[in-house]
Structure formats: C-alpha cells, structure tokens
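J.: From first to last, the protein sequence lines are chains A and B.
Just so you know, the UniProt record's numbering puts 437 at position 437 of the first sequence, and the rest follows in order with no gaps.
Just so you know, the UniProt record's numbering puts 326 at position 326 of the second sequence, and the rest follows in order with no gaps.
Keep in mind the hints are simulated off the structure, nothing from the lab.
Please read all numbers here as calculations on a predicted model, not as lab measurements.
Just so you know, not all the hints are guaranteed correct.
The list that follows gives simulated cross-link-like pairs (lysine-lysine, BS3-like), each with its CA atoms no further than 25 Å apart [claimed, not checked]:
no.	chain 1	residue 1	chain 2	residue 2
1	A	Lys378	A	Lys733
2	A	Lys587	A	Lys480
3	A	Lys448	B	Lys128
4	A	Lys716	A	Lys587
5	A	Lys845	A	Lys857
6	A	Lys901	B	Lys128
Per the computed footprint, the stretches of chain B lying under chain A, defined by three or more beta-carbons under 8 Å from a beta-carbon of chain A, are [what the hints assert, rightly or not]:
no.	segment
7	80 to 92
8	237 to 246
9	290 to 304
The C-beta atom is built at its ideal place from N, Cα and C for all residues, glycine as well.
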Amino acid sequence: MKQLSTRLFVCCLAAAAIPVVGFRVVTAEPIAPVRSDQTAEAAAIPAPSIQSRFSDEDIDEVPDFQKHVMPLLGRLGCNGRACHGSFQGRGDFQLSLFGYDFSGDHEALMAENTGRVDVDDVEESLILAKPTDADMHEGGKRFEKGQWQYRVLRNWIADGARFDKESFQQLKKLQIEPSEIRFGDTAENVQLTAIAHWADGTVEDVTALCRFSSNDDSIAAIDAEGHIQSGDAGDTHVVVYYDNAVVPVPVLRPISAPTTDAAESIAQRTPNRGEPTQPIDVLVKQKLDKLGIVTSDLCTDAEFIRRAALDITGVLPSGERVEAFLADDTADKRQRLVEELLQSPAYGAWWATRLSDWTGNNAEQLNNVLPVQNVGTKLWFNWLRKRLQDNMPYDEIIEGIVSAESLEDGESYLEYCREMTEICGGDFDRYAERESMPLFWARRNFQKPEDRAIGFAYTFLGVRIECAQCHKHPFDQWSKQDFDDFSTLFGVVRAGNANQVSPDSKKAREELMEKLTGGEKLNGGDLRRKIQQAARSGEVVPFGELYITARGMTDGQKKQRAAAKKKGRKLPPVRVPTGKILGVEQKVDLDEDPRPALMQWLRDESNPYFAKAIVNRVWSNYFGIGIVDPTDDMNLANPPSNAALLDHLASEFIAHDFDLKWLHREIVTSDTYQRSSATNSTNAADRKNFSHHLPRRLPAEVVYDMVVLATGSTQKADQMRGELDQMAIADGKARRRNNSDFALEVFGQSIRESNCDCDRSDAPSLLQSIYLRNDAEMYGRIAARDGWVAEACKELGIAAPRAGAGADPRAAAAQRAADSMRRQIIDRIRQFNKLPEARREQTQKRIVQQYNSVAKKLRKDYHVPSFEELVAAPNTWTELTPPVATEGSDGVIESDRSLEKVVRQAYLRTLSRYPDDEEQQVAIDYINESENKTNGIEGLMWALVNTKEFIISH
Amino acid sequence: MKLHKTCDGVRRRDVLKIGTLSVGGLTLAGYNQLAAAGQVAPGHADRAIFIELPGGPSHMDTFDLKPNAPDTHRGAFKPISTNVPGIQISEHLPKLAQCMDKFAILRGVSHTLAAHRLGREYVNTGSKPIPALEYPSFAAVMSKEQPADPDIPSAVAVPRASQGPGFLGIRYSALETNSSPSFGRPFNVRGISLPGGIGVDEVKRRQSLLQKLDRRFADLEKNDQLLDGLDQFGDQAYSMITSSRARSAFDISKEPESFARQFGEDSFGQSCMLALRLVESGVRFVTVQLGGWDTHTDNFTKLKTQNLPKLDAGLSGLLTGLEQRGLLGSTAVYVTGEFGRTPKINTRSAEGGRDHYPRCMFMLMAGGGVRGGQVIGESDDTASGPRHEGISPDDVAASFYHNLGIDPTLEYDSTTGRPITLVRDGSIIQDLFA
C-alpha cells in the first residue's frame, strides 16, 4: 500500500493545494506550493547535482539507468516525437515516447549488432559518437565530448550498461524550489531547483535532468535549464517533469502598482462592497487580491433572470416572467427565482442533456443494441432526466450506470424481455423506473477494453488518459503499464448487440426466438426485421443482456481441490487475471465483477477526480470556463486556476451527499456568478479568475429553443414551456448521425462521439450567421400564423404576415408558379407595347382579360401593379412582393403608443429587458417607415434575434 | 484560445506559433520542397468536384466489362470503343466514350468494407473508419486549407454529402443545398437565395436596423474574441446574402440553354452544371450525389434506363464544359461509389441483380494534373479482384489530395489532441499524373 499512497498523493496534490475540511478560509497562501510543502522528509541533504559531480574529469561514479541515463536522454530530446520517440523510430532506433518504458528502452539501446552501446569499445558506442558529431547525427550535435553529459553516458557504458528490472525505484517526491513564484513590477529571473526523493531514501538534485515547460509563456517564459523570466501580469504555472513526476509551480505577477491604486479607488467607489461571506466569493477574492484585480459589479435584475434561467434550465424566460421579476421588489427575489428554476421540469431536462453529453448518449453508437430501432437515446435520456429531477445523489445516479445490470433482482430473462418490449413499444418513461442503465456499456465505441478505459476516465474522472495507451502520458503520471492494467478491468464486461445474453439466459432466449421465427433459420438482416415487426405488434422479443465473464474456480476445480485437501495433497494455485484501478497499486482480482470495486473507489472521498470532475463541469456550465480547463483534461500539468475553490466545492459536494441541487444553488447564489460583464481597468484581461461575467454563445439546443420561443405566439410559447416535449433541451429533436436537425448541427450540438467535452461547440460560425439571417426556416418562424408577429398584428388590427414560402415545399412550388405567371404577363405586355398603335386597340381587350385573370390569382398573396402601371413600365415589376396592406388598415393604429407596447414586448421576449428610449424610437421609426407595418414588425423581430445580445449570455 | 495540449506534448498554441517548423512526418514545407525538387509532381488543381455514387455502382456493367466472362458473370451489356484506342466501356455510356481522353479509369480498386456507411466513410476520407473518431471529408480539409473568398462558400454539397467535417468541426461543413436544381427553373438554396417576398433592399434595410440596435457590448468587442467573431461572421453572412456573386453562382438559369442541355435535363445533369458554375465562381469544393446504384434486383434495367443515361450525360457534360471554360486544368474531378458489385449475378429477381462487393470496384479521376485517356490498375478475368496488387481507397485519396496540392501526410490534432495523419496508409499513384 505504500505505492498506493504515493500515487494518490501525487494526483491529490495536483489539484488540492490546500485540503479544506468543512469550510475554512485559509488565509495563508491560496495558491500555495503543490508538492514541496511536504517538508517532513526533506531534511535529508541532497546529493550535489549530477552536473557538478560529472564535471570532474576523473569521476568514477556509475550513473543509474532509471535515475540518470534515461532522464538525460529525455532532457537531450532523444525520445521526443520528432526523434527516436517517433513510432517509426529514427534511423532504425526507437525509444519509448517520453520514456518510462525502461525495459523496452534498455533493449533498444542494447540491441545486438547496432553498435549503439558497445561495452568493449566504450568510446565507439553510437550513443556517444553520434550526439557529439553533427555530421553523423541527423538530430545535430547534442553535447561535447568533454561535457558532463558525455561522462554520464560513458561511465554507464563502461560499467556494463546495466539495468536491473528488480532494482526499479519509486520516485516518492519531486521537490521544487522555490515552490511558488511571485514576480514584482520589474523584469525578474528565477532559477528552479528540483530535488528527487526516492523510496530508498536517497535524495538528489536532479535539476539538470528535468524537462521544463510553461503553461503561458507570455506571463512566465522558462528555458531548458529551468530558468524563468517574468512577463505580463497574470498567473500561470511552469511545469517540471522528471521520472513519472509532473510538478506544476504557480507563477504570479500582479497588475502593476499604479493600476493597483486604481483598483483600490475602484473598490472604494463601488458602494456596498463589504467583505464577501459566501465561501465561493471568499476564495475567488483571495486569488484576485493576489493579482490586484477588482471584481465587476453585480449584474442587473434583467441580466440575472436571463442568465439564471438559461444556465439552470436552458429555457428563455417569457416576457411576462421577466416583467414580473423586474417589478418584484422583495430582497430575496433572486434566491426565490433560483429555487423556482431548480424545481422546474426544464432543469431535469436540460441537465439530462448535459449528462447525456458526458456519458456519450449517441444514437449511432446504440444502433442494433436494442431490437427496436431509434429508442435507445430516448430511454437513456429519460432515465437520467427522472433522476436529476428527483435530485438523486450524483454518486447513486452514476452507480446505476457503472454497476448496471440488465436483469433486476429476482427478475427472470423472460420478465425482463417482456418489460423491455413494452417500454420500447412506447412506454419510454417506465425505463426510468428501472434501477440501472446498461446501455452505457453496450455502445459500439465502448466495446474494446482500451476504448472503455478511455471512455470511463473521460466520463467519470474528467481525465484524458488516451495518451498512455501508447506511451508515457506527457502531462500526467500515467505510464503505458498503468493504462494496460486499468483497461484490463473492463474486459470481463460483455454488453453489445441485441443477440448477446448470459449463458444462463441462453435457453430462454432460444425458446423465445423459436416462437418468433417458427424454427425458420433467418439471416441477420431478416431476423432483425422479423423481431422489429414482432415488437411493433406487441409480441415479446428477446433483448440483449449485460453479463460478466469473470470466473473464479469452476465447480470442477473446486471439487478437485476439496478432494485433494482431504487426501492432503497440494495443487498449484489457480491463476486469476488481475487489473488495477487507475492510480491504485493494489490489484483487483478478476474472478468477479470489478465494477462494484470501481464504484467504491469513485465515491470514496479520497478519490482525486470523481467529485471534482462533475463539480468542475457544472461550474463551467455557469462560467463558460472550468476551474480546470478544458473540463475533461484534469492532469498534473494542467492545475486548477483556483485549487482552493475546486477543493472546497468538491469536498462540500461530497459532504452534502453528492447533492447536485446544492451545488447549483451554491454557485448561482454567489456574487461571483452574479457579476456584470462590464469590466474595469484591473479585470478587463482576466478570463480565468472569475472577476467578471464572460459572455459566451449559448448552447445549440438553447439557441434553437430560444428562436422558437421568441418568435412564437404567446400561446404557442407557453405551451412549449409547459410541455417541454417539443423542445430541443428536452431531447425533442431527432439526433442521428447525418440526420440531425440542421440548425442544431450548425450551432454545435454535441456529437457525443469522441470522449471529449469539445464534442459540443460554442464557437460562432458563418453558417450560424447565415442561418439566423437568411434561412427560410427563420423567415417562416417570424411570419408563421402561430407566430408572435401575427399575434402583434392582430392586436394592432393590421394584416398578418404572409406565411413564409421558403419553409414549405408546397408553398415554394406555389410561389414558383406565381412567379412564372408574373413573367408571362410581363412578356405579353412587352409584346403588346411593341405593337404598332393601330394593332394595339385590337388586342387590348384580350390582354386586359389575361391580365385580370392572372391578377385575380396573384392578388391574394402578392402586390400586383395595375394594368396601366405595367404598360407604362413593364420592367419595374421585377419580383413578387407581399400585398400592400389594404385601404386604411395602416391608419387604424391610433398612435405610436400601441407600437411602443409591441416594441416593448419584442424586447422582453428576445433580450429579456425593456428597450431604452433610443432603441424604442429607432424601432418605431423603422416600423413607421416600412412599406407596411406588418413588414416593419417582422423586420424588428428579425433584427432582434440577429443581435449579438440575443445569442450570447448576459 | 484555450490552452489545449496534444498527446505528443505539444500545445496547440505552440503548434500555431511553430507553424511549418514542426518536425514530425512530412510537413507542408517539406512537401513543398520535395515538390520543388521534382520528387513529387506538384498539384495542379485549386478546386474540386467530387461525384458520389451512393449505393455502389456495378463495375462490370460500367467501366470494367468482361465480355469473355461466363454467362453467370458477364451481364447483359456489351463494351464499346472510346475515343482512346484500346479502352472500352459500357455501351450505355456513349457520351463518356467520346470524352474518354479527358478522364482516367482506375480498375481493381479494392477494400473490405461491404456495408454502405462504412464503405462510404472509407472512400470519402481515405482512412478506414474507426468508432472512436470521425475523419474529415475532402471538402472539409479543402475548406480548412484553402478557404474561398468571404462572399462565397468554400464548399457546397448538392444536395448533400455523406461525409461531414468529422473532428475538424462544423465550421468546415459544406453548405448543403438540400435539393437539386431542375432544368430551366430558378434554384433556391438554403440561406443563399432570398426566400419568397424578401428582396435585397429589404435585407439591407433590416441590416441597417440591426446595426442601430446591436449596440450593447460594443465597448467589450475589442477585448472579446467571441463578440468579434460574431461580428465578423455576421458581416460575412451579410455580404454573401446581398452580394450577387453567390446568388448568381447558384442561378443556373443564367446558362444558355444549349450549354445546359449538354448536361442532360435531369436533376443530376443540372447539378453537374451547377457544380461547374460554382467552381467557376470561386467555390473550392463541390460534392454532387447521384444515388440509386444499390441494384440487388433488376440490375440491368435500372442501369440501362435510369442511372447510366444520367451519369453519361451529366459527367460527359461536366468534363466537356470544364474544358470549354478552360477549367479542367484547375479542377480535380473524382467519381466514386462505396464499392463495386458482385461479379456473379444473383437470381433473386427475374433478370438478376448484383450485391455489395468491395473487393473489386472502379473509380474515375480527371482534371488538374491527371492525364486522361488511360486505365490504371486491372481486375482479373471475372472482375472478382485486382489482377495484381490492388489500388486502395487510401491511395486514391492520397492522389486526390496531391492533385489539389494538399500534402496527404498532413497532420491534424483530433479534438482530444491525438495527432492524426490525413491519409496514413496511402501512397500517391504516380501513373495518374504521368
């Protein structure tokens, strides 16, 4: 267990600078050292650096392969991806990328007849000869013959170039001095020192063997020797790599002094800025104080209701709700709004969408998992939605996925099939009543043990472990061996297509099949069709089953053993395969289902990832950036921007029994969440310390619904908000690969495919702008009969908009026909105009008849110029336009006052605020100056949904 | 930009900064050097038309006939001579036979994926599909590497494309028209055409209202990439909608009737003509689909009466039209289905059909640096497999990229930061360009 603690120690500390037990504000150093604060053992005096020892020409010390030789090759860049770390090697010589495969690398170095290492003729060894000779070595000259690096390699070879697997050492700690750096105003330099503490008690200065990098070299640039140069104001980390250790060192440079004065004056100017009391606010402020950053003011009520409603429930608040909230003058109205939102059904729906993203609920990957098509994602979603709505503790929800079983306790295979047939037949909500959700395990891209290891780490740990599938993880402690040990765990879980069942259920399944097919042998496709047909008609059909292939001793082996024991004979032990949980040294015997053990580990309060991953993802939903960012990339080299904050939230989340609504409430009611997006001179550049609101483009489903709600009539919008069924945030839109809704796809709905939170995109794009500005769907919504513009026109007593033709193919065809009539009549009139005066009279009657007949047809939907107008200027009627509102209907609007109301409604239902005086005037002028007022109102709605303000968070 | 690290320890930002100095594999700079040294012939084309034949066209009844194969295999169609001595194709492709000199046939192309979607993903990317990751389409790569001017889309698909931008992301998606043009009719395209009743003047009026109302956040814009990006895309969308360039490119009624007729009057032919207009106007990549090739039953009637006449007129019209307009040298054309069809005729319907068969198929290439009038590769006596070493979809993809001046060994980072080679296993078919 000693190793176990080391491993956990490494990862815990990465994210946990200060352990917060309960809540306790640590006033000392919130961005305190990460690993080197464990000074208890640092008393040992480190051996002098290898650089100084091997500067002595006569040194006879034999360097160690693991501690010195391989790190040196790493430092020299030999095992980088461009060089011998490449998967094809270079010059036939391949090292493991980033090292840590000591046996493999030793073999590669010692390979026979390569001359890389020649213990008989040491100086001729290629690993000495090549790097000292630029002509011979494609990678150029790496060191000089007389340098210490040369002597390290030479002495190791001269001693026989040994590596003993058995003497493999655990690195207990990599201590970095200084452990934290705070730069002042002037340019400064700092040299880092790295001290390795090995399990065998040896302590050594290994600075010359480390690799260094900076997470932001505009703030802190670091060179290959570990020498840091200060840059811009801000904070970041430099990272030190040695053996399997990856140690981040916080570097901070406050905003320069004059600005800090400004900061104080800003702070003083702002009224009611007492010391924060909410833990989140306290911890955020501690960090900001160090940086000399002053927070923005709190946002307005209008901003708050829009922000909170969209972030908590994904639903745009109705104009009426906004008005009521603005009119409410009680002190706790924000808190009450948050409660109302958390209790609303939309909360469960929206967060089930998010959790569906993280768990990978993807129709394509569920193809053929169930004998009934296209229901898998729906079941998955409903299962999550009910649990979120009921606020089931997060660890229990996840347990239903991680330890999922197909058959519930006491349920027979046949009963299971009967219930599932009914569920898939349309009783979708009943799936949510089932205890677990095995679909997670049955996905096509979640079958191979390696894919499962990657997917499991992504979903539940927020860790990208895939690098370690092929080589030492460059930013984390994971080695390829760690990856392999972990992925082995998943090999015993079988779950896949609808034909797979446990051996126990095989017979029952065959009987069911026999009944369905009448014993006829059918090929795969025909069988699938037959089953689907049967399921549709309500017949019980066989379902696939998740089962475990892990096996302890067979009954035969047990008997044999019992018999042998009686006779006093000894049999050799039965070999049981084993795997390892990530970062846990103790093996897991695979003689039984490893998933309960995995679940136990996940929910254990010492787990370094599980709670942090969800807390961080939820946080990111509210702030647009995680405390660790990207949110699914928790690794040692990517530490949290505010470790104390993440620690506090994670440990309190656990202390509150993984209560998700507690977490939402804690975040949303903090001042930190309620900051305005308007910045001051100190915080304008801050993007990761939460000093102001960061505007972001709203998620695809939310945008989709917003457009529908904003443009829809009050009645239609109310109905949608009430029922949710039609809304994209409630999974109300198709999502199949190559067949998802165009708008959702364009706005970056998560594809839920590649184990990455980046499967969802909130980046703007050209197609998005084109869609909102000029898609027939948009025009159709604005002009729809059940749209808001029609409603407003009715109130004003003016003509409703002509329903958009583009959206409906029949309407488009009708429009084409109308347009060809227009062209025909123009052609006729042109011909008519060419006639000599005398013949005109003759034909006039006929052409007027023709004109009248066409005009009659077109007038219903379009403006038709008079015959005389056309004769005078046939070329001016270039396209069909809506009819000019008929006599007087425009004049009916009594005054601009009713228009003011319309403009106000338009603003409330799109931007969730009242227009200011100028906006009011611009809008009214626009409507009044329009060809007709209906057009003008359409134009106003068009403009509002195309503002940046509409599509971003406030 | 988010700090995003890749598996190989390089941070995204660094990659951008380092640019062409990156060292892994053959970089673009390295590729250009090789091209300059004559070790790889430089690409000629700077735009492309990709014709997808989803369903999987029968190779034996189109471009790889075996008149001497047994009755069970041969099929009902006879070969005819083309304008290139020694090359024969199906009697139902007479117009293409007369422009054989403009394109090359690849025979004995071979792979193993007999399902429609998987096969399509393979031939449309040049990489065998894997569940963990979706490779980008040719169109997406082109849009990323050689984007078009702002007032015209980089890539268009008529009516749709089977392959999306994969891990490159939605912003490299082609603009899908979702419908096909009809002969002599105006053509409306999602987002580009102005839907009924809305004129350019109205859009301009609305835009000026929008500019007056879109004032909040104005003081944040300088600092914020998102707001800045929204503005940029908004302006670009506006110029695309109001400028006549894009709309005019889609307006096939602008072509003289005699020119339009040479493509055939069906929607595929008119799509080919649209493709020509689009690349002429500066669109970088156009995908055109012609479906209906999944001829499990009644193979011969369907081909003879439906598919082959369409393909014959449309494709010959396209190649001829490109040449007439002087665009053939700068436009890479690639025609492929997802697989061939079984050489042995099945007997499930009266006249027989052919089933999925990836082991042997044909593809066509033209334009750019491709030398027309040649056959590359060869199938065996019954067209059941390549006679010698077959050509892989990877090789063809590598060659297509090469023809477009894009290094097929170009590396991208997947969304999770894994370095992915554009076409990992393909090598450029040098004979195509010889």
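J.: Now tell me if each hint is right for this structure.
T.: Outcome of the hint check:
1. A:Lys378 to A:Lys733: Satisfied, since the Cα-Cα distance of roughly 10 Å is no more than 25 Å.
2. A:Lys587 to A:Lys480: The hint holds at about 16 Å.
3. A:Lys448 to B:Lys128: holds (17 Å)
4. A:Lys716 to A:Lys587: At roughly 59 Å apart (the allowed maximum being 25 Å), Lys587 (chain A) and Lys716 (chain A) break the hint.
5. A:Lys845 to A:Lys857: The hint holds at about 19 Å.
6. A:Lys901 to B:Lys128: Roughly 60 Å between the alpha carbons, so the hint for Lys901 (chain A) and Lys128 (chain B) is violated.
7. 80 to 92: Three-residue rule not met by the segment 80 to 92 of chain B, so violated; n is 0.
8. 237 to 246: Held - the segment 237 to 246 of chain B has 4 residues with a Cβ nearer than 8 Å to chain A, which meets the minimum of three.
9. 290 to 304: It is violated, with 0 qualifying residues against the three required.
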